[in-house]
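Spelled out, the chains give:
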Amino acid sequence: MIRLDRFQELLSTALAILGDNAGRVELSDGRRRVRVGRLLGQVETDTAAPVSHESVDLSAGDAVEALLVRVPGVGAVSFRDNRTGRPLVEVGQRIRAGQTLAFITAMDVTTKVTAPRDGVVEEVFVEDGDGVEYNAPLLKLIPIS
Amino acid sequence: MIRLDRFQELLSTALAILGDNAGRVELSDGRRRVRVGRLLGQVETDTAAPVSHESVDLSAGDAVEALLVRVPGVGAVSFRDNRTGRPLVEVGQRIRAGQTLAFITAMDVTTKVTAPRDGVVEEVFVEDGDGVEYNAPLLKLIPIS
Amino acid sequence: MFKKILIANRGEVALRVIRACQEMGIATVAVHSTADADTVPVTVADESICIGPAPVTKSYLNMHAILTAAKMTGAEAVHPGYGFLSENETFARLVQKSGLVFIGPSPDHLAKMGQKAEARKTMQAAGMPILPGSADVLPDAAAAKSIAAEIGYPVLLKAAFGGGGRGMRVVRAESELEPAFLQAGSEAQIAFGDGSMYLEKFIEKPHHIEIQILGDRQGSVVHLGERECSIQRRHQKLIEESPSPFLNSDQRAKMTEMARQAVARIGYEGAGTIELIVDESGRFYFMEMNTRLQVEHPVSEEITGIDIVKEQIRIAAGQALRWRQSDVTFRGHSIECRILAEDASHDFRPSTGVIENLHFGLGPGIRIETHIYSGYQIPATYDSLLAKMVSWGLTRHEAIVRMRRAIRETVIEGVPTTLDWHTRVLDEEDFVRGRYTTHYVQEHRFSG
Amino acid sequence: MFKKILIANRGEVALRVIRACQEMGIATVAVHSTADADTVPVTVADESICIGPAPVTKSYLNMHAILTAAKMTGAEAVHPGYGFLSENETFARLVQKSGLVFIGPSPDHLAKMGQKAEARKTMQAAGMPILPGSADVLPDAAAAKSIAAEIGYPVLLKAAFGGGGRGMRVVRAESELEPAFLQAGSEAQIAFGDGSMYLEKFIEKPHHIEIQILGDRQGSVVHLGERECSIQRRHQKLIEESPSPFLNSDQRAKMTEMARQAVARIGYEGAGTIELIVDESGRFYFMEMNTRLQVEHPVSEEITGIDIVKEQIRIAAGQALRWRQSDVTFRGHSIECRILAEDASHDFRPSTGVIENLHFGLGPGIRIETHIYSGYQIPATYDSLLAKMVSWGLTRHEAIVRMRRAIRETVIEGVPTTLDWHTRVLDEEDFVRGRYTTHYVQEHRFSG
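Chains as they are written, first to last, in the working numbering: chain A, 1 to 145; chain B, 1 to 145; chain C, 1 to 448; chain D, 1 to 448.
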């Protein structure tokens with residue numbers, strides 16, 4: 001995922017043009033070509049989705065540096081509480097340090113992703129059920145001290 | 001010869017260190033290696049030879065741009081009058097436009113090299129009898145108007 | 001063996017010959033024009049001599065300068081590569097007169113094969129079939145009719161001094177012959193000031209197939225199989241392969257052996273190529289003989305394992321061939337793509353510029369022959385060949401998929417190239433099935 | 001055939017496998033650590049998944065992450081390359097349990113060949129000669145004497161838990177055996193806390209020769225000839241070639257056929273290598289079996305024309321071999337130089353850094369297998385292999401001169417490499433004559 005960060009905008013544009021049927025996107029930086037399959041394509045498309053700021057006013061937080069929470073291991077993401085089925089996080093939601101943000105399930109082993117500190121969810125990069133790589137951006141927190 | 005111009009100093013130094021027995025000199029600019037055999041080596045060594053300024057004082061000519069006379073074709077250089085055997089040019093000598101500077105002999109065909117304009121010989125780059133490439137520097141003239 | 005060889009050429013073939021010399025322990029002299037001073041062959045050769053300015057008549061065709069350079073450097077032999085002076089009888093004689101060895105056939109063979117009519121007569125006498133037709137200019141329509149009746153329709157009427165398709169007619173039935181003869185004749189009269197006409201058998205779906213030959217001074221001749229060269233436009237080959245996917249093994253055996261024997265009969269020495277035109281049914285006719293190394297020689301090297309350039313040098317040094325025909329083995333399939341600095345979407349318009357990014361797909365079964373590098377300035381003066389990508393596979397299918405894969409990994413930026421065009425052909429059904437003729441390029445136009 | 005394969009490796013071998021898949025029309029998934037995100041295999045694969053941070057235990061040895069990646073991408077098979085998990089029985093079983101195909105032998109064969117003692121017992125039963133020696137720990141010097149008398153001097157005394165030469169003695173005569181046994185035993189006691197000793201036949205001038213094998217599920221086995229791998233230091237091979245210049249054709253025929261039959265007897269499937277130690281007289285002993293692709297597989301591919309990686313994939317997909325042994329042909333000679341990011345003048349000290357200038361000598365008979373490019377940052381975490389340069393020639397001499405020529409044209413700047421060391425070896429008389437043993441590297445130290 002890391003190597004694609006720099007192409008994020010280009011990718012979003014390409015996928016927006018191609019729509020949901022884009023099976024594969026190819027970018028070239030000259031020497032090499034980068035091909036992105038469905039899986040990564042979906043992940044990246046999300047960054048282009050409009051972000052709503054409903055529950056909390058973030059205008060004061062603009063100067064604060066956002067905190068990127070990354071995926072701790074390959075697997076499928078779940079943003080739902082596995083007992084209640086309710087969403088764990090929503091954009092704009094206030095989060096406490098240690099609070100469960102997501103579960104990553106791989107080969108029947110589930111890993112909990114917790115908030116590194118208090119904050120507000122500014123952006124979520126993947127959708128519930130998506131497969132994600134190690135170190136992929138999961139969500140962005142605006143820290144609150 | 002052209003491609004070696006930029007390495008001239010390095011070459012001179014290398015040949016000076018190796019002396020007359022240097023059969024081959026190799027330079028590398030990274031991607032490629034340049035190998036120079038005996039022939040080119042000799043040609044280039046001459047540029048490192050001390051130049052004397054005896055017959056004419058050139059101190060006033062320093063601001064004048066020197067004129068490089070190049071070899072018009074592959075062959076052996078002769079700097080001697082083929083009847084008298086006397087030298088055609090010497091460093092510091094005054095030359096008139098059209099005056100014969102050298103002969104280039106190739107496969108029994110001899111080409112005359114003449115001075116493009118009046119001037120004083122500042123430097124001679126090759127020795128009598130040397131084999132030279134097309135376009136190789138033959139001598140340098142300080143023009144006199 | 002020679003101690004030093006001068007290479008009277010430039011580009012990829014100069015590098016090819018220098019490498020062969022280095023592998024044989026022979027010192028090399030690269031001659032070059034001012035435009036080529038910074039090129040790879042000049043750099044890797046042991047010595048280099050600038051012989052003139054960029055125009056070929058003043059450098060690579062300048063016999064006097066090349067011979068002077070050979071004398072100055074003490075070279076014992078001259079390898080002419082392909083093109084330029086490689087088939088020039090006068091040059092070969094001059095090289096000999098200067099006490100040097102010309103790495104190629106004798107000047108007599110160069111002379112004989114250099115003239116089309118003479119070459120056909122010679123090879124017909126040596127046993128090769130020749131395209132049936134009028135040996136001389138036709139006196140009238142009646143003579144045309146009688147010859148056409150003999151060789152069978154369709155026939156091709158050709159102006160003796162023609163060109164560009166003018167004064168040319170394909171005639172499919174006797175009833176059309178007389179009007180076509182008169183029309184084409186007057187067309188030729190107007191266009192070229194001479195209405196003289198020839199007639200020959202017209203091949204509907206021709207294949208350009210050639211046989212690689214090596215002959216030594218002791219009179220031994222072997223062939224290294226055939227090459228299918230039908231993917232061409234205006235006689236510029238774009239893809240070659242060996243073996244030909246069109247021939248069956250009987251046809252192959254017959255034409256290679258016939259070519260081998262004919263070349264032996266004329267006492268030819270060195271590497272040479274018998275060019276054939278082959279019709280739909282596999283009937284073949286001698287067209288011409290190329291008395292030099294061919295651009296596409298690598299595909300024959302790949303399937304036989306024999307280094308043709310080294311053999312040229314050994315033969316020129318008087319050594320006997322180390323194989324009889326039965327010792328030459330053929331394995332697998334090889335394809336060459338000539339990557340050109342041309343814009344295939346604009347009718348293969350040549351382009352110049354600087355190579356900005358360069359990366360070749362390598363790996364199993366891939367051989368690259370190229371003189372270019374990142375930063376290379378393509379001179380406008382010379383031909384547009386950038387690189388030859390050669391693939392080998394145990395089967396034709398494997399050779400194709402390896403070539404596709406290598407091209408997909410290849411990046412050449414800065415100038416338009418034929419890489420995309422080659423990719424299209426390698427995916428195109430007729431090519432994949434091996435069903436193509438010399439009409440392939442005009443019948444398969446790929447949009448940009 | 002599989003539609004998608006995941007490659008559980010990195011570097012040149014990952015690229016090698018991806019290329020084979022692409023040529024077969026199989027989609028590829030490259031898995032990689034964060035350190036390898038920008039590498040060529042990741043770029044050319046159809047899909048890529050980052051499986052963990054740089055340390056191998058968290059990425060390339062992380063079975064869980066690799067299997068998750070395979071599941072997520074819908075891969076049907078896993079190719080393990082060499083090293084890492086390629087000979088890991090547990091991984092092979094996990095792959096199978098996940099409903100995927102492990103491209104390699106069965107877990108049972110991995111297990112059996114993974115243990116040296118078990119492997120030797122199995123292969124001895126299958127007909128391979130084993131280095132004579134004490135099967136068990138020696139109770140006393142008398143027992144040592146009796147075994148030594150049986151197998152003949154010289155013999156090697158080895159500490160059961162030894163290493164680095166301690167607790168090891170070469171004994172050349174019976175009179176020396178008892179003192180050596182006692183000394184080595186007490187040395188081992190002090191160094192390793194255990195004085196247990198073994199004894200085996202000592203080979204004075206050993207050759208490391210290995211036989212490449214392919215076996216299918218239908219029980220057919222072919223060999224692709226042998227590889228001479230004696231140019232090594234501390235079991236790290238530096239140059240390999242095929243055929244071995246040391247063997248005569250009788251020896252070659254005997255050892256390849258014996259290995260082929262033994263492998264057939266144990267019902268092995270996939271690619272594998274029988275490693276032999278060969279003494280001066282050509283007597284050979286089974287040492288171990290490598291149950292995976294070898295780094296040096298290209299030299300066997302070059303002389304047989306068979307793509308070993310594609311065969312691995314075909315075998316794993318259940319296809320039968322397309323050749324019997326008599327169909328496998330051998331042509332010419334091939335040499336591989338492993339170009340390492342190591343400083344040969346400082347005892348092959350590994351180095352890291354950025355590749356600044358990169359240019360490989362290409363042309364006839366040269367194959368390059370590499371994942372590096374200009375600007376490539378060599379990660380400190382992994383092995384030092386930068387590129388495999390492979391040459392082919394009709395003769396061993398031609399393979400050598402082509403390799404010399406290719407290396408001379410090659411430029412790798414930014415880090416010390418073994419290019420100069422390889423150049424020295426290719427010019428060194430013992431190597432050129434093909435007279436070398438596993439002692440070669442320590443006997444030929446070239447100053448920087």
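These are computed hints drawn from the structure, not numbers from a lab. These numbers come from a predicted model, not from an experiment. Glycine included, each C-beta is placed from N, C-alpha and C at the ideal position. A hint or two may mislead.
Capping the alpha-carbon separation at 27 Å, the derived lysine-lysine pairs in DSSO-like fashion look like this [claimed, not checked]:
no.	chain 1	residue 1	chain 2	residue 2
1	D	71	D	121
2	B	112	C	97
3	D	58	A	140
4	D	116	D	71
5	D	145	D	201
6	C	58	C	121
7	A	112	D	97
8	C	121	C	145
9	B	112	C	71
10	D	201	D	254
11	D	71	A	112
12	C	237	C	116
13	C	237	C	201
14	C	112	C	3
15	C	58	B	140
16	D	201	D	237
17	A	112	D	58
18	D	145	D	116
19	D	112	D	237
20	C	97	C	58
21	D	145	D	205
22	C	58	B	112
23	C	254	C	237
24	D	237	D	254
So the derived list for chain C, only partly shown, Cβ under 8 Å to chain B, looks like this [as the list claims (entries may be wrong)]:
no.	residue
25	52
26	357
27	359
Problem - Violating hint indices (sorted, rising) - result: Of the numbered hints given earlier, those the structure breaks are 1, 4, 6, 14, 26, 27, listed in rising order.
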